[in-house]
Amino acid sequence: MKQSARDEILNKLKAAPRKTIPPRPERPVLREISLSPEELIETFSKNLSQEAGIVHRVEDRREALEKLSQIAKEEGLKKVMATTDDFAASLNLAAWGKENEVQVITPQDFDSRDSFKDAVFEEVDAGITGADFAVAESGTLGLVHNKDQARLTSLAPILHIAIVPVERMVAVYEQVVEKVFGGKKNLPSQFCFITGPSMTADIRGIPFKGMHGPRKVIVILVGE
Amino acid sequence: MEVKTEQFSEVAREELRKAYTFLKAGANFVRIRRETALSTFPDAAAAQAYGAIIRAEAIARLPELLEKFEKNALSNGAKVFWARDANEAGQYIVCLAKERGIEYVTKGKSMVTEEIGLNEALEKNGVKTWETDLGEFIIQLLGVPPFHIVGPAINIPVAKVRDLFMEKIDLKEPTSDPVQLGHAARIFLRDKFHRVEMGIAGVNMAVAETGTIVNVENEGNIRFNKSSPRTLISVMSLEKVVPTLEDALHLIRLLCRNCTGQKLSVYVSMDNGPKKSDEIDGPEELIVVIVDNGRSRIYQDKIAREAMCCIRCGACLNGCPVYRQIGGYAYGWVYSGPMGQVLNPLLLGLERTQDLYRATTLCGSCKSICPAGIDHPSLFLHYRAKDVSGDAALRAKKRPLVERIFFRLWTWAVTRHRLWNWGVRFVRPFVNKEAHEGMLREVGGLFKGWFRSRDLPAMAGKTFHDRWTELREAESRRREPGGTE
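Protein sequence lines, in the order shown, are assigned to chains A and B. If you read the first sequence in the working numbering, its first letter stands for residue 27, the second for the next number, and so on. If you read the second sequence in the working numbering, its first letter stands for residue 111, the second for the next number, and so on.
Bear in mind the hints are in silico, worked out from the structure with no lab data behind them. Treat each hint with caution, since some may be false.
[What the hints assert, rightly or not] Some chain A residues near chain B, calculated using beta-carbon distances under 8 Å:
#, residue
1, L39
2, I47
3, P51
4, W122
5, H171
Even glycine gets a Cβ: it sits at the ideal position worked out from N, Cα and C.
Same shape as in the complex, but just chain B (with noise of 0.2 Å):
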């Protein structure tokens, strides 16, 4: 997937003209799903924070746990794969589709799937791949990112998908209802499902107790990838693992509750390897890719790997107040929103993801939301300072060398109090030249950045020291014998 992140305040500006009504309305409704789901539980706040500790847990254990999923997964009869970046995984899947000689795949909706550009690496190999999760076939057509991590296609109007089907899977009657367009894609993708040999789904969950990969969705897509095809590749990134079966079950409700206010999805399938040799149906061979992509390095970093913990449920998109103003586009690659804040830079680099930890408001929505503990503020702030070090295993590059000297002389001037009080009074003039009625809102040269998204009023005239002493002194002259009193 094409990296834009470095465009941000670009497409943010372009977004913001769109002015997203249906996202700030949508936001609130499943917002409140998701306050009433969450009631279900005897003490919510008990069970949010118990999924954060699991979370917690599974990243402290993590080489340890992937070890002993490995090893149960293999005596379930699973291969295991593992993956250094993107290039290796998709190399080795388009292999084993060629090896099998597969002319299409279907997928189930995978996040890493898109992260690693596997779609773009078959394609390119000559093998068709179909996405299945209805919003994620919609914008594979369409050639757009996803724009929410639930709801991949969710502002795409719906004559624009009318129209695309029509031109694309070939809808007969044109037709604004949403119920008969998605009518059309599951007869379209139905026959996909019948006749597919292989199936390519991400992972909810890897428990390490017991080998077994859990898949959560409502549309029924992943569970025809994990019975119709005889080959089934289980793409997961390397902090999918958790501790136990009742860990997992734990989490589960927490996705569901904070994704889309459910219970539970309408399924839940469980794999524990290829199915047996009496069974009609099921694969024949299930492939585990265990791709790192960056995640080890990231590992390194102990504050930075809280990111980690993420359980892709999105809620925190729409708790956010900048996401729900700009929606998912501005955020430049597969994860928006603060998720996709924390997990890009970390991903692709603090140096090609500048923007995405400053587009904050710092309000903290995102950490009170998280249901796996995240801390999303520390989290952009760490990045910051990680920013202006020049952190190299964060892929940070030093700020220019213009603003490092600016603050060096910045911090040796603040922490002189006579020269700041000179300093102060100084400088006013020169600045309020560029003041129009009563605002900095454009000063050019160095500060020209700075200025772009902030105004200022303009300085007082005097300084508060300034006035403070004048204060005085008039105060005392009213008070000497002899005075106007």
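In isolation and in its complexed conformation, chain A is listed as follows (with noise of 0.2 Å):
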């Protein structure tokens, strides 16, 4: 019988001369894992401020959506898609929506993809989630994408809002992947680190913003 395409590579592959494999020294770590809490949010909001991310800082869940409302005038949002995920549906945005004059769709309300493709590519001014993780070392949020969590909110509309408790802020990657890959079975169809906005310099090197996903992402860090 004739191998298949994967047995035949792979048998290939053992059959070939053995190289030993180099020892490993110790894993280097990053200075950020020493830093203390208020070192973090620090080193996080300079980080993300470099790639051209706004951080603003509120001590709770109603400064947050005060501070949400300022930016909705500036911004001039009329319709927004909010995800479900378990920080943004604790500020019950529907409500603030209301008092604000701004449209808050959800994708649950939504029967299908395409309804909710043509609602997020063309309808709304912004998307608004929440994040499982902000990462210091390098100003970057972590979202971990399910049902509440909807891939497209924090890439089609042009601006991205972030609301994140400070109690999520980590120094490294490592603590992230730790959390959400750790022992896990049941992993996450998508797991994704958003570093500022959407960018490019391939015409002649010009770098700019909002290339395909948003120009603009703007983190409300709440907490002390």
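Hints are included, so try docking the two chains, each in its own frame, into the full complex.
Below you can see the structure in the form of structure tokens.
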């Protein structure tokens, strides 16, 4: 019987002469690992600002919503897509929307991929999400994608607003991956790191934001 | 993709005339950014070295890690297809598109799909392909190969992009502002992303321990490809596998710092199979295509397989004194710069890529930069040796008969000192007949090729030996009693 491509390739690789596996020195660790919680927040903010992200700090949910109102006014938001992840859900954005004359819709309002895509691509002025992690080492957000965190919400609209409790701040990626992947059987379909707005420098090396994804990323850090 | 590696010299000569000043300035800028970014490691050298060790281990454990990755990807719900070569991969993907009635696909930047000529295969079968990385989009519309792995269209003048967009994507107002040109591409491709039913992306890392696929990007086009369509095809060359997620994270840090001087690219997405049934976006099916295309053959050579450690960061291009003069076209295929000089000869065969592993000063800049620990200069020398010995596995053809006979005779002569001493005296007048103004620039006959890129000073009238003997004799005469002193 003819070997399958899989077996043929693997057998060839296995038949090749072996090389010894080099010994591993200690894994290099970043300085950020030893920062205090307050220093982590500072580092996060500094790193994200360098990548043109905007960071606001507020004390509690009420202040977060006030900040959101201010952003809605400045950006002229009429209609937004908000995810229903635990933190975003806890903010009761529907009520906030009514007060601020912003129509707030969620992916749950749609019964098909196509109608959801129509809205998120064409109709909304911003995507509002929580985030599962904020990582200080590079000013990065970590989002676990699932039914309450639709992927396109943080990608298709021109503005992405993420509201994140400061308790979710960690120093380095490894801490995130440990929590998301560590010893789990049922992994999330996708996990995503986001660091600032979408960008390119493909024409003559001139950088600009908003290539395909958001042109602006605003992070509201909530908590002392 | 058309292979033009055999035209290296011609293309390089043409490109030299264009004097890519931006390339020299730009490469310096990127080099400084890279160094600054690397300095965010407590010990940059140790971090680079650790990356090299991860890649060396991944390649040493390649078959085992691939099996592990496959098992975990399958249990995550992905499908896995193995392709022996470009043709098998292309046919399979064309077939998938046909079965699903796909009119067009959107693509994330992927070097391996260029390597296997996937766009051509799809288009030939009536499936339109849209490259969606801005640089790739531009070169696809222009029909030119990538100039640089990170900035495939970085050399294209703004005016040319403007004219191209006015012609091909209905740019209304002529503009020379890269931002507005980018925006026009955004609008055009956004509609493609909105309605796309099949996305194709590459893979930066495939994690054996979890079956996870990792993509690193700045624009968001790969995320669209992984979010909007019902079908996602992730094409990977088989060396992309790494042992653990922690290893992947370390390599991502290195990749971004070395590639663009960022701490992290804007998006890093990690996929574990298709979307869950209750999710509204993300692919319903995720199909991983693992491409061999010669790699299991290359793997037989213990030295050459080191080239498979490459993580495609492109840093070696910016550091290369040859690339910085001639740009990316001369390398004649998907991979350019030192990276291309080590990869193209293996994938295409040593015979068709003769100039690639010779167009080097062996300065070792690439080696000193490489986060994957590749020793490019040693590989170039290895290829040359294999080329001379006519290694079949690396598809070398022996050197021409005349050359082989010449070097056989040469070896015989230079290892016999009397013969050598007589010979160098004897040939002098004949060689120097070809000299002009004290230089040997063009020599006809057998040595024509050798002098194509080399000038030598004319041979001295007397050999060193002769002069030494004469000097000593003169000296001893001087010291003799009754001498001139």
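Hints, verified against the model:
1. L39: 4 Å, holds
2. I47: Constraint on I47/A satisfied, holds at 5 Å.
3. P51: OK, holds: P51/A within 8 Å of chain B, min 7 Å.
4. W122: Status violated, d = 22 Å.
5. H171: 7 Å, holds
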